[in-house]
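Asker: Sequence:
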Amino acid sequence: MDTVAQRLHTLYRKMDDHFGDLRWWPGDTPFEVAVGAILTQNTNWGNVERAIDRLKGEALLTPERMYGLEEERLAELIRPSGYYNVKAKRLRAFLLFLMTSYRGSMDRMFRQETWSLREQLLQVKGIGEETADSILLYGGKQAIFVVDAYTRRILKRAGFIDGNCTYGTIQRLFMDNLPSDHRLYNQYHALLVHTGKHYCRTRPRCAPCPLRCEDDTCSA
DNA sequence: GGCCAGGACACCA
DNA sequence: TGGTGTCATGGC
Numbered sequence: 090m091d092t093v094a095q096r097l098h099t100l101y102r103k104m105d106d107h108f109g110d111l112r113w114w115p116g117d118t119p120f121e122v123a124v125g126a127i128l129t130q131n132t133n134w135g136n137v138e139r140a141i142d143r144l145k146g147e148a149l150l151t152p153e154r155m156y157g158l159e160e161e162r163l164a165e166l167i168r169p170s171g172y173y174n175v176k177a178k179r180l181r182a183f184l185l186f187l188m189t190s191y192r193g194s195m196d197r198m199f200r201q202e203t204w205s206l207r208e209q210l211l212q213v214k215g216i217g218e219e220t221a222d223s224i225l226l227y228g229g230k231q232a233i234f235v236v237d238a239y240t241r242r243i244l245k246r247a248g249f250i251d252g253n254c255t256y257g258t259i260q261r262l263f264m265d266n267l268p269s270d271h272r273l274y275n276q277y278h279a280l281l282v283h284t285g286k287h288y289c290r291t292r293p294r295c296a297p298c299p300l301r302c303e304d305d306t307c308s309a
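In our numbering, the protein residues as written are 90 to 309.
Hints in this document: simulated from the structure, not taken from any laboratory. Watch out, some of these pointers could steer you wrong.
As the list claims (entries may be wrong) - Pairs of lysine-lysine, DSS-like flavour, derived with a Cα cap of 30 Å: (1) LYS103 / LYS214; (2) LYS145 / LYS103; (3) LYS178 / LYS230; (4) LYS230 / LYS286; (5) LYS103 / LYS245; (6) LYS214 / LYS178; (7) LYS245 / LYS145.
Claimed, not checked - Label-pair restraints from in silico Cβ distances: (8) THR258 / THR132: 22 to 30 Å; (9) THR92 / GLY257: 17 to 25 Å; (10) LEU273 / ASN174: 35 to 43 Å; (11) GLN212 / TYR172: 15 to 23 Å; (12) TRP134 / ALA247: 43 to 51 Å; (13) ALA94 / GLY252: 21 to 29 Å; (14) ARG272 / THR118: 17 to 25 Å; (15) TYR172 / THR151: 20 to 28 Å.
Quick reminder that beta carbons are idealized off the backbone N, C-alpha and C, glycines included.
Generate the whole structure from the sequences, applying the supplied hints.
Answerer: What follows is the structure, encoded as structure tokens:
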């Protein structure tokens, strides 16, 4: 019987051999990563890209410039990402935190101890565990594993978890059984999302999915 | 025309 | 503490 660590390694190898280095997250700067992490909440990434392109097109994708926008104007700019009114509030809450606590500097923010910064981010209204961890891992290169809907779906199908696991339980499953390495966590999570996006929602089976599932529960 | 997408939060029992 | 409703666009 393989250990959890061995099984996680096998899962990683199947996906990594199939897809190779995915070079995530799509974003040019840590600030863009943070904005994308908020905009992508329950939203197709293509819609997020539209919103980010609009901000870039107006040369507004900096902490200072976004912080200076009226909420209504910001909401209109990010409209393609959906939930634009709530996301405008959430972006402004993050910007207020960044400007007042770190003078608008992502570098300064990431000098904080990882778990302490995570707690601070979770205090920002609109930033939950997944969003905070995405900012830490992809924006700050901190060794924090990100858990999302695809992660849950694939782990459930692969028999690692049942349907009632908390975010923290799943996160610890990875972090207690893998080396603490942000590059590994980055690629592992990227592979889970990539696999989930392209294969695990198709029926009846997902061959040539790298996971080679033999069941009929691809959209579980 | 319906379903879904890289969540988070308020509200309620 | 856990379940449910709400927020909304765009692709397929």
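Asker: So, for every hint listed, does it hold in this structure?
Answerer: Hint by hint, here is what the structure shows:
no. : hint                        : result
1   : LYS103 / LYS214             : violated, 38 Å
2   : LYS145 / LYS103             : violated, 37 Å
3   : LYS178 / LYS230             : holds, 26 Å
4   : LYS230 / LYS286             : holds, 24 Å
5   : LYS103 / LYS245             : holds, 17 Å
6   : LYS214 / LYS178             : holds, 9 Å
7   : LYS245 / LYS145             : violated, 38 Å
8   : THR258 / THR132: 22 to 30 Å : holds, 25 Å
9   : THR92 / GLY257: 17 to 25 Å  : holds, 21 Å
10  : LEU273 / ASN174: 35 to 43 Å : holds, 37 Å
11  : GLN212 / TYR172: 15 to 23 Å : holds, 21 Å
12  : TRP134 / ALA247: 43 to 51 Å : violated, 24 Å
13  : ALA94 / GLY252: 21 to 29 Å  : holds, 23 Å
14  : ARG272 / THR118: 17 to 25 Å : holds, 19 Å
15  : TYR172 / THR151: 20 to 28 Å : holds, 23 Å
Going down the numbered hints, you'll see the structure goes against 1, 2, 7 and 12, while the others check out.
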